[in-house]
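2 protein chains.
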Amino acid sequence: MEIELINTGSELLLGRVLNTHQQWLCRRLADLGHTVARQIAVPDTARDIQQAVREALARAEMVIVTGGLGPTSDDITRDLIAQLLGKKLMREEAIIAHIKNYFAARNRPMPANNDVQAMVPEGAVVLPNPNGTAPGLAMAVNPNLFRADGKPAWLVMLPGPPRELRPMFDDSVVPILRREFPQETPFACRTLRTGGVGESAVQEKIQTSLAALVADGLGIGYCARVGQVDVRLTARGPAAGKMVGVAEAVVQRLLQANIYGYDDEEIEQVVVRQLAGKKLTLALAESCTGGAIADRVTNVPGASAVFLGGVVSYANSAKEQLLGVPVETLRQHGAVSEAVAREMAAGAREKFGADFALAVTGIAGPGGGTPEKPAGTVFLALAGASGTAVERKLNLYEREAFKQLTAQQALEMLRQRLAAS
Amino acid sequence: MEIELINTGSELLLGRVLNTHQQWLCRRLADLGHTVARQIAVPDTARDIQQAVREALARAEMVIVTGGLGPTSDDITRDLIAQLLGKKLMREEAIIAHIKNYFAARNRPMPANNDVQAMVPEGAVVLPNPNGTAPGLAMAVNPNLFRADGKPAWLVMLPGPPRELRPMFDDSVVPILRREFPQETPFACRTLRTGGVGESAVQEKIQTSLAALVADGLGIGYCARVGQVDVRLTARGPAAGKMVGVAEAVVQRLLQANIYGYDDEEIEQVVVRQLAGKKLTLALAESCTGGAIADRVTNVPGASAVFLGGVVSYANSAKEQLLGVPVETLRQHGAVSEAVAREMAAGAREKFGADFALAVTGIAGPGGGTPEKPAGTVFLALAGASGTAVERKLNLYEREAFKQLTAQQALEMLRQRLAAS
Chain A
22 MEIELINTGS ELLLGRVLNT HQQWLCRRLA DLGHTVARQI AVPDTARDIQ
72 QAVREALARA EMVIVTGGLG PTSDDITRDL IAQLLGKKLM REEAIIAHIK
122 NYFAARNRPM PANNDVQAMV PEGAVVLPNP NGTAPGLAMA VNPNLFRADG
172 KPAWLVMLPG PPRELRPMFD DSVVPILRRE FPQETPFACR TLRTGGVGES
222 AVQEKIQTSL AALVADGLGI GYCARVGQVD VRLTARGPAA GKMVGVAEAV
272 VQRLLQANIY GYDDEEIEQV VVRQLAGKKL TLALAESCTG GAIADRVTNV
322 PGASAVFLGG VVSYANSAKE QLLGVPVETL RQHGAVSEAV AREMAAGARE
372 KFGADFALAV TGIAGPGGGT PEKPAGTVFL ALAGASGTAV ERKLNLYERE
422 AFKQLTAQQA LEMLRQRLAA S
Chain B
22 MEIELINTGS ELLLGRVLNT HQQWLCRRLA DLGHTVARQI AVPDTARDIQ
72 QAVREALARA EMVIVTGGLG PTSDDITRDL IAQLLGKKLM REEAIIAHIK
122 NYFAARNRPM PANNDVQAMV PEGAVVLPNP NGTAPGLAMA VNPNLFRADG
172 KPAWLVMLPG PPRELRPMFD DSVVPILRRE FPQETPFACR TLRTGGVGES
222 AVQEKIQTSL AALVADGLGI GYCARVGQVD VRLTARGPAA GKMVGVAEAV
272 VQRLLQANIY GYDDEEIEQV VVRQLAGKKL TLALAESCTG GAIADRVTNV
322 PGASAVFLGG VVSYANSAKE QLLGVPVETL RQHGAVSEAV AREMAAGARE
372 KFGADFALAV TGIAGPGGGT PEKPAGTVFL ALAGASGTAV ERKLNLYERE
422 AFKQLTAQQA LEMLRQRLAA S
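Residue numbers (our numbering), protein chains in the order written: chain A, 22 to 442; chain B, 22 to 442.
Hint data in this document are derived by calculation from the structure and do not stem from the laboratory.
Some hints could be false.
Remember, identical chains collapse to one label, so a pair may be satisfied in a single copy or spanning two.
[Said to hold, decoys possible] Straight-line Cα separation of at most 27 Å, DSS-like style, residue types lysine-lysine; simulated pairs: (1) Lys172 to Lys108; (2) Lys121 to Lys414; (3) Lys226 to Lys121; (4) Lys299 to Lys394; (5) Lys109 to Lys121; (6) Lys394 to Lys226; (7) Lys394 to Lys108; (8) Lys300 to Lys109; (9) Lys172 to Lys299; (10) Lys226 to Lys263; (11) Lys394 to Lys414.
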């Protein structure tokens, strides 16, 4: 069974907004074991929307269309789809009542144009929208209308705003999927997230050992980002869970120290969980990452239980005044040096009274390098009760990627220390 | 002329990664006056990629394919497209040399599988990749192969990593667009970015005054995000530049204080430029934003000339120890209060010896609120030579959006102060 996703909205094709529906819906569907075979974005024009829906219904057993259900003149999805499927639009009084209540609860008058949201194609299922006015719609499509094989298909229409779409998907679309498309064969999926190894090196390390499983139907996908490679293992069939489990054990054995997390986990979540589990606290001293590590750590719910704070010591004077780095160390070794990284970490640990402190100092470039310390040079330091360790890296990336990679490496250094202890 | 965008990658359809290429490429193309008619994401399977490319080449005059040019087994775009277009793949020694240099500069051995990236379809233009190993490729497609009308079309293949794709698009694809698809009629586009006003209020303020220009062909687009509304003005035709210029002056006059930037400018870029122009320095004291403001400021090239540093004072002890907030103020007013915000800003200004200091303290929620200070309450403080100002906000968003909106508001407070002085 294949699903296709159609995102409508001229603003998407003008690049004014980021399409977050794709990732969210695809992730949810993949976790349920369904395959999204294609995602398409089209502008709010009748020709494009109808063409995209017609083509998708010829291929997929479920087509999910997002956007264009609101009350304004560019909200045309409902009409176009009713026309395409040859369905009359009927006014549903229950929806009018819901919209009236929605505005009444907010002490606002209901604008007249909201009426169109109560029009429902004949035979469609109305998907309630507790977080907005436009309901979603779902309908079985005449099997002989678009498909050569006469298989049944479903068309689902969801409103554009994420806070309306997401709960509606979970509450109303998932039950339809379970009822109409029960899974014939089990599906299993596991993603192992690694740091510190390149994509081709990861592949070289695990490929041969997984060859026999691949021959039996194991799927391996690699997804590389700055400083990280995800290895995604999938299988389908009665032995899917076992096959993915065996493959995971192989990858575990071969990449052990480089695996920082599983599935959706980010390294900052792993580190916050590790610290919380051991009731330990963290402080930061960031120079070249400029607050990027603190930003990531504080994105994790519950970070306040382990994260005391940090100093972004961009100027040398801040390294002296706020972290207590001796002016002599700065003068003798330079701000980007092992000695200064060490003092920054020790200083942050002391000032915040934390169990651990991570410090980073480096040259983002493109300027500022020397033959001994070229642009991209970074020193990472981790101070703990047993002393301070320093690592040197060469991160040849432009500004934002440089910051993200350095942040990832610093968090990885802490993760490995916590995992070992 | 129409352009279609095909993003390849099974990870996209599994929801493992967010597709940022769509927004970035669509924005760039739209601002150059081109229409992206459709965007499609397909998994890394031969059937899906070839089908999507074949269909797109039947409709569009340029098809841009992203991803699948790397060295691993799921990087199959190059091969599939050569096959589809009936082109042989030839090994280019210059690319091998580039890849060898790339690894040598990083003191890493070149894995053998990197060789495949040097394979180029006959007649293709190689697009250099200074930021990675896989070059891009561009080629004119045989006009009679896919199109009924025999019009020429171009196929462009770009590598998946954004830090490789973006400069390659600007440096190598834009010149091909200019040469192969010169605009028949001039196109002009200007985006004015506003903060602190809602979408319908922005529209109400400018709509009537622009009505005559709209009747003459001016396009106005509104795009609302958390805390910001972009107004995009476009025109096509011999007088396009003049029309957009007149419209811009009208919007300037009506929204003056709320306009923070133009086109792709972010508020942190504006603030760094303002500070640099006045030779003033900045320090930060962040509680609920957790380093997000520092991270944004330090993303701006040249930030080190004006940004001295910041304290992420997540724990109350950090507010006392590092910013000198009196324990009595914390006890009496609570960490989220006007008094504490004021002390944080004054403390940061003094500790860093900065001309200005911004401070934020708030309750991200969902927990932690009281009837007097519900979750979402934020105090922003700006300390300067002439004293400290404090603003109170209620930001009802989930964790990450809350941090971003609060950061935006704090930077806007500084921008307005600098603009007024």
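Hint check:
In this homomeric assembly, Lys172 and Lys108 come within 27 Å of each other (Cα to Cα) only inside a single copy, at 19 Å, whereas the closest approach across copies is 38 Å. Proximity of Lys121 to Lys414 under the C-alpha cut-off of 27 Å is restricted to the inter-copy arrangement: shortest distance 20 Å between copies versus 54 Å within a copy. Taking the shortest Cα distances, Lys226 and Lys121 sit within 27 Å of each other only across copies (21 Å), while inside one copy they are farther apart (58 Å). Taking CA atoms no more than 27 Å apart as the test, Lys299 paired with Lys394 passes in neither setting, with 37 Å inside one copy and 32 Å between copies.
In this assembly of identical chains, Lys109 and Lys121 lie within 27 Å of each other by CA distance solely inside one copy; the values are 24 Å within and 64 Å between copies. Taking the shortest Cα distances, Lys394 and Lys226 never come within 27 Å of each other, neither inside one copy (31 Å) nor across copies (54 Å). In this assembly of identical chains, the alpha carbons of Lys394 and Lys108 never lie at most 27 Å apart, being 67 Å within a copy and 46 Å across copies at closest. In this assembly of identical chains, Lys300 and Lys109 lie within 27 Å of each other by CA distance neither inside one copy nor across copies; the values are 59 Å within and 61 Å between.
For the homomeric pair Lys172 and Lys299, neither the shortest alpha-carbon distance inside one copy (55 Å) nor that between copies (66 Å) is at most 27 Å. Within a single copy, Lys226 and Lys263 get their C-alpha atoms as close as 22 Å, which meets the 27 Å cut-off; across copies the closest is 60 Å, which misses it. For a Cα distance limit of 27 Å, the shortest separation of Lys394 from Lys414 inside one copy, 10 Å, qualifies, whereas the shortest one across copies, 45 Å, does not.
Of the numbered hints stated above, those contradicted by the structure are hints 4, 6, 7, 8 and 9, listed in ascending order.
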